[in-house]
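J.: Chains as they are written, first to last, in our numbering: chain H, 1 to 855; chain W, 1 to 444; chain E, 1 to 158.
Be careful, since some hints might not be right.
[As the list claims (entries may be wrong)] Part of the chain E face toward chain W, derived, beta carbon under 7 Å:
| # | residue |
| --- | --- |
| 1 | Lys22 |
| 2 | Thr30 |
| 3 | Phe64 |
| 4 | Tyr65 |
| 5 | Leu67 |
| 6 | Gln71 |
| 7 | Val73 |
| 8 | Gly74 |
| 9 | Ile84 |
| 10 | Ala87 |
| 11 | Leu94 |
| 12 | Thr119 |
| 13 | Glu121 |
| 14 | Thr128 |
| 15 | Tyr139 |
| 16 | Asn141 |
[Unchecked claim] Just some of the chain H residues that point at chain W, by a computed CB distance under 7 Å:
| # | residue |
| --- | --- |
| 17 | Gly196 |
| 18 | Leu320 |
| 19 | Ser490 |
Just so you know, the hints here were simulated from the structure itself, not pulled from any lab data. For each residue, glycine too, the CB sits at the ideal point set by N, CA and C.
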Amino acid sequence: MTQKVKTDTSIKSEVETVTLTIDDRQVTVPKGTTVLEAATRLGIHIPTFCWHPKLKPVGACRMCYVEIEKMPKLQVSCATQAMDGMVVYTNSDQVKQGRRAVIEFLLLNHPLDCPTCDKGGECELQNLTFAHGVDDSRFDFQKYRFTDESVITTFDDIRIGPEIILNRNRCILCYKCVRANKEAFGEYDLGAYERGNKTEINVAPGGQVDNPFSGNLVEICPVGALTNTDWRYKIRVWLTKMVPSVCNLTSSGTNILFYKEDHKNHIFRVTSRCNDDIDDGWLTDITRYSYQIANSAERLQTPLIKKEGKQVPATWDEALEVIFKRFNEIREKKGSVCIGGLAAPHLDNASLYSFSKFFRTVFRSNNIDFRCDYRMLPNKPDSVFSILCSRPFKISNIDNSDVIVTFGSDLVREHPNEYLHLRKAFNFNSPRIFSINPYSVKSADVADLELVYNVGTDEAVINGICLAAVEQNLVEPSAALRWKEKVSLSSLAETEAYCGVSETDLKAVAKALADGSQITFIIGELITRSKAREAIAAAIANLNLLFRLDSKGQLAALARYANSKGAERLGLMPCPSSAVERELALLWGEFPDCQPHTTDAMLALMKKEELNGLFILGANPVMLYPDREFVREGLEKLEFLVVCDLFETETTALADVVLPLSSWAEFSGDYVSLEGRVQRAERAIKPIGQSRPGFEIIDVIAQKFGKRLFSSANDIASEIERLLRLPSTVEMPREFLEVKPLREEVDEKFPIPLFIGDDPHHSGHITEKATSLANFASEAYLEMSSDLAATYGLKEGDSVRVESEVGKIIIPAKISENLDGNVVFIPRNFSATPVTSLLMRKRRIDRVKITKVVE
Amino acid sequence: MFYSPVTTNAAEATASDQLHLFKYVEDPDQHKIETYEAHGGYAAWKKVLNGMPPVAVIEEVKQSGLRGRGGAGFPAGLKWGFIPKDSPKPRYLCCNADESEPGTCKDRVIMERDPHAVIEGMAIAAYAIGCHLMFIYIRGEFCHCAERIDAAMKEAYAKGYLGKNINNSSYDLDMIVHTGGGAYICGEETGLLNSLEGERGMSRIRPPFPAVEGLYSCPTIVNNVETLASVPHIINRGADWYRSLGTEKSTGTKIFSLTGHVKRPGNYEVELGFPLRKLIYDPVYGGGILGDKKLKGVIPGGASTPFLTPEMIDVGLDYESLTDIGSMLGSGAVIVFHEDTCIVWVILKLIHFFRHESCGKCTPCREGTAWLEQIIRRIEHGQGKSGDIETIENICSNILGRTICPLGDAAVMPIQSAIKHWREEWQYHIDQKKCLVKSVFEFQ
Amino acid sequence: MILTEESIKQIQEKTSQYPRCKSAILPALTIAYRQMGYLNSEVYKEISRVIKVPYVEIAEAATFYTLFPKQPVGKYLIQVCHNISCALLGADSLIEYLEQKLSIKRGETTPDNLFTLVTVECLGSCATAPMMQINQDYYENLTREKVDQIIEELRSKA
């Protein structure tokens with residue numbers, strides 16, 4: 001609420017607020033607030049069906065009536081703007097009568113399904129009928145029933161998606177599902193057909209609701225018209241308890257609620273715990289159904305020890321004994337620098353910190369790393385790329401940005417939560433949105449301009465934008481000169497020829513960046529996992545300096561795991577930043593000065609048998625690290641391998657000892673989101689089987705080695721706090737950098753660029769175990785444009801052999817809605833398809849050749 | 001050639017100095033641009049382009065007192081003035097030719113026989129609000145109207161009355177003919193805009209009003225065909241002349257569609273304030289009741305307006321007088337029915353229509369009209385229950401004023417007035433399980 | 001391809017006139033309907049491809065309106081208005097007469113696939129009641145003779 005007051009008191013101050021009276025109480029709100037929102041500020045809850053805080057109001061249900069003085073008719077408060085001096089009554093007789101009438105109308109054709117309807121106990125219609133409705137029904141006709149051939153049960157339920165079941169009789173036509181689907185998610189799988197009271201909300205014939213945000217539709221449905229398969233008929237909501245937590249499979253830090261039941265020690269579902277700064281109350285399906293990982297029947301229940309080539313169940317004592325014995329052997333024979341550790345970046349702060357402390361103070365080794373998948377190939381500390389990863393980013397700032405650029409980012413797959421914010425900005429403001437990628441992506445649907453550049457020319461595109469700015473005199477002349485000294489580019493025409501992006505487009509982007517005052521620039525996974533990312537980072541640093549982006553907005557490479565930011569700041573790297581190293585030295589009294597080795601270096605050492613022991617906490621490098629053969633060879637040559645994970649995986653299969661790890665729902669932990677926000681996820685259920693949280697496992701192992709890592713629980717917390725308090729943002733370079741474009745060598749035998757990523761319903765290697773997510777997608781596919789498919793004579797579902805220089809796989813083809821041109825995409829989340837066997841670590845772009853498999 | 005053999009009072013209009021909409025409406029060539037121009041057509045458009053700034057046009061129309069002829073009766077000039085002066089967004093004009101109000105058949109005559117009048121009126125209105133792309137939304141069933149308007153539009157383009165740099169005034173204006181798909185609700189302002197945008201034709205909440213945020217969220221004006229067809233005459237002959245017609249607050253002339261049990265149903269252009277009795281009984285107009293029977297009731301302004309009983313037909317046909325006696329001028333569709341008509345049967349027809357046309361967005365209209373139809377159908381079929389009338393009245397009061405758009409009000413006002421005037425007939429229906437007067441209308 | 005080249009060309013031309021391509025949904029449906037006589041989800045899919053608007057938006061709009069039949073209809077679609085002005089002048093008995101004459105009930109099609117009879121709401125021709133619309137033409141001021149004549153003419157033309 002800003003009150004612009006001019007210093008000259010004779011001029012009236014410009015008021016941007018209004019004051020109104022609601023139920024005899026005064027409230028002052030910003031101009032443009034609706035009466036409904038103003039009432040909420042006073043704690044007055046006006047009942048609604050069709051209103052949603054994040055969707056445009058439609059005034060359809062008419063439940064939010066209020067009486068306003070000087071207006072004869074009842075007004076809908078969700079759509080009426082608060083005016084100065086308004087006098088509003090939310091509970092007068094007329095209002096009460098109006099609400100009763102609306103409830104009566106809604107109940108006319110609403111079936112009496114309450115005893116068998118899942119929504120019972122949390123149904124808006126039930127609640128509001130009790131609060132505001134009629135006692136008896138005067139309707140004595142037959143209730144209208146939607147029946148047709150698609151009906152599958154006596155209750156006229158029809159399945160409209162892998163997880164959603166629709167009952168049209170119960171629908172009260174608040175239209176929230178259709179509106180949310182179109183406005184908030186940009187999806188078009190649900191529509192309202194016919195007219196009047198025969199209107200039905202349904203999918204297109206042969207269509208499904210399977211977008212990555214589909215679970216939200218069930219959550220916002222005020223009645224039991226839309227229900228989730230995973231919750232149906234399992235339990236009544238009042239028998240569960242809610243536990244606040246945070247999503248562990250995405251990096252935004254989405255706030256969730258677990259619904260758990262203690263007797264069964266089971267989580268029944270997840271709903272949102274609306275955090276307006278992060279998620280606006282929308283959950284991706286990954287977040288929503290990930291709890292099923294905790295409940296999965298395949299969870300590791302006991303430790304396993306390899307005896308005579310087979311892994312057999314054992315007790316914790318046995319396992320710990322073996323671990324101590326074998327690591328000690330290696331330590332005494334070759335020194336503990338021959339032991340390494342890999343921790344997964346979705347583990348909580350305590351586990352990660354204990355891991356680091358254990359390795360550095362017990363083994364005195366710097367061979368630890370948290371970057372063990374292809375997305376996070378290790379980089380040099382204090383490199384420009386690291387600076388980009390450290391930049392501050394506030395998710396809610398996307399909403400107000402006037403220019404938004406996503407560079408090398410398939411936003412829907414990588415950061416679905418931020419994609420929703422992009423859509424929100426698009427719906428409510430009018431930002432200029434640019435999508436700059438080597439292939440066409442879904443998030444470009446809302447973009448003003450989509451720049452699709454030739455694969456492998458990322459830094460040249462950025463240089464091109466800078467050049468466009470310089471040539472159009474959009475930036476400070478001295479800066480332009482200094483830039484030109486470092487980056488010699490001949491002309492925009494050449495850039496156009498090389499990158500495949502038109503001059504006009506480059507100029508448009510340059511103009512927008514120069515004019516914008518609140519810019520969001522997101523650097524995506526296609527850049528962060530590229531071998532050429534240092535070169536690209538240098539180009540981006542130049543862009544930042546030239547346009548002074550860091551002073552008028554945010555520019556960052558966003559973290560990709562639930563706690564990768566935490567891992568960085570707690571020093572889980574072989575060579576942490578000097579500030580972190582100093583602090584750790586202070587905390588522990590010592591810091592090992594041996595040679596640090598990244599994951600890649602460790603794997604190379606393992607192959608040479610110079611690293612003989614490895615401890616993996618929660619990670620699955622065999623499945624996720626590029627060049628599967630390289631990883632396997634390394635791990636197989638180890639003398640001793642310990643793996644802690646939730647399930648038996650490709651990596652645990654190679655281990656000498658396997659320890660069962662608890663999921664994030666089974667203990668309380670803190671996680672640092674991509675914004676740097678520390679959030680607590682509370683414990684919902686007791687650890688499954690004999691699993692234990694990471695920090696407990698480290699603790700008991702350390703004790704075996706005779707070291708008490710922490711004297712009390714408070715210690716961990718306070719030590720972590722000291723590290724988290726260190727400033728983590730690094731300033732962007734103040735000088736222009738030389739950008740050396742890395743030209744690609746293309747092997748003609750393998751012409752097609754291959755991109756690996758997440759399926760929209762999966763993340764990482766364990767979402768396969770969530771049954772609902774597996775319902776959406778359970779096997780890998782080769783996604784390609786229809787043109788490319790036609791070139792190879794491929795139809796949807798045909799088997800394709802995909803070969804690279806190092807491996808080959810056979811998977812079905814899938815025709816993409818978005819991809820264009822000559823690229824293919826394979827999701828990496830399905831263990832049946834070892835996609836990483838196609839990847840090499842040395843190439844900038846992995847390329848493959850594809851051939852149709854003829855039976 | 002005339003597509004429709006409808007009766008009009010064109011002869012009177014041709015001879016008169018006051019009547020102007022129907023002056024040439026019986027001329028079979030009026031739809032051709034040469035004939036139109038020979039009859040003084042496009043003079044107003046040229047006059048406006050050559051020296052009347054937009055604000056002057058708006059002022060002239062405001063002064064004339066022209067009110068919307070589609071049903072709402074909102075002063076047209078005032079509406080045009082609501083366009084925000086400083087909005088950078090493009091402005092749009094939509095001509096509402098979605099004539100679907102039961103009993104109304106006047107716009108069809110103008111569009112088929114005098115399409116250039118509509119185009120000229122639209123052009124002047126577009127100029128007044130600064131619009132460069134105007135639409136005409138014609139209901140899908142009016143295929144020949146659409147053809148005529150389309151042909152007229154092409155003629156206008158050819159003669160340079162539309163397009164770029166019209167008449168060397170540097171004003172550009174384009175026109176699109178958009179045909180509907182069969183929905184009464186698309187005659188409602190916001191329903192029309194939604195339909196034009198390609199959405200389902202459901203109403204929008206107001207505010208924001210279309211003049212501020214209309215088509216594609218840009219400032220938009222929606223006016224009826226008749227309203228716009230009146231504009232060239234106002235420009236040509238001045239606001240003062242227009243104000244001299246009709247009554248003080250309801251200026252000008254209006255076309256009334258007289259239908260039902262009269263000897264000469266047809267479209268009649270008369271000055272506002274014209275006595276209803278004369279319209280029904282005068283041999284030049286309605287000619288009296290069919291079969292010389294006694295009058296039972298009159299719907300004065302289309303299916304959404306409350307009924308008038310025979311004692312009330314001495315009223316003048318203008319906005320104020322009809323409002324004063326509890327009804328509305330509406331679209332000017334006068335539907336007459338004689339003593340051998342069952343009132344419940346009439347209401348059933350009407351409520352069936354409104355239920356069929358309800359868009360389904362807001363709860364009271366969507367559920368209420370369906371429920372009302374069920375109860376009224378039951379009464380009409382002799383299965384009414386005691387207490388039904390009270391229930392109907394209660395449902396009506398729960399819909400009136402509680403909906404997004406006026407369709408809800410339109411549905412219930414006739415019912416309320418029918419019960420008010422003929423309550424005994426309703427009660428008879430329920431008690432005796434049959435009509436007081438059986439409506440058997442044989443088609444000849 | 002269900003839509004002819006000509007139809008697709010017309011649709012594309014019309015789409016180019018509008019500031020937003022979504023506005024072309026209704027004109028596209030009209031053009032497709034004129035070609036096919038009815039509309040179904042296959043047609044919506046094709047229109048979706050041609051004007052580049054998601055399928056669901058097309059289907060939503062199409063099912064909202066009453067002008068487009070969803071099943072194939074006879075060569076002549078007879079739409080009789082049964083609203084108040086027409087009903088006051090005998091529209092209900094006109095409908096019965098047609099039902100008798102064509103030996104079908106309202107909503108049905110004659111076995112020779114020539115006539116489909118439906119009742120519709122006000123067609124905007126109230127002063128020439130009773131009346132009916134057959135395909136694109138209005139037939140007004142109907143009498144029994146006229147109806148007989150019209151049906152005969154249409155039968156012989158087919």
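J.: State for each hint whether it applies.
T.: Okay, the hints, checked on the actual structure:
no. : hint   : verdict
1   : Lys22  : holds (4 Å)
2   : Thr30  : holds (6 Å)
3   : Phe64  : holds (4 Å)
4   : Tyr65  : holds (3 Å)
5   : Leu67  : holds (3 Å)
6   : Gln71  : violated (16 Å)
7   : Val73  : violated (14 Å)
8   : Gly74  : violated (18 Å)
9   : Ile84  : holds (5 Å)
10  : Ala87  : holds (6 Å)
11  : Leu94  : holds (4 Å)
12  : Thr119 : violated (10 Å)
13  : Glu121 : holds (5 Å)
14  : Thr128 : holds (5 Å)
15  : Tyr139 : violated (10 Å)
16  : Asn141 : holds (6 Å)
17  : Gly196 : holds (4 Å)
18  : Leu320 : violated (65 Å)
19  : Ser490 : violated (39 Å)
When each numbered hint is compared with the structure, violations occur for hints 6, 7, 8, 12, 15, 18, 19.
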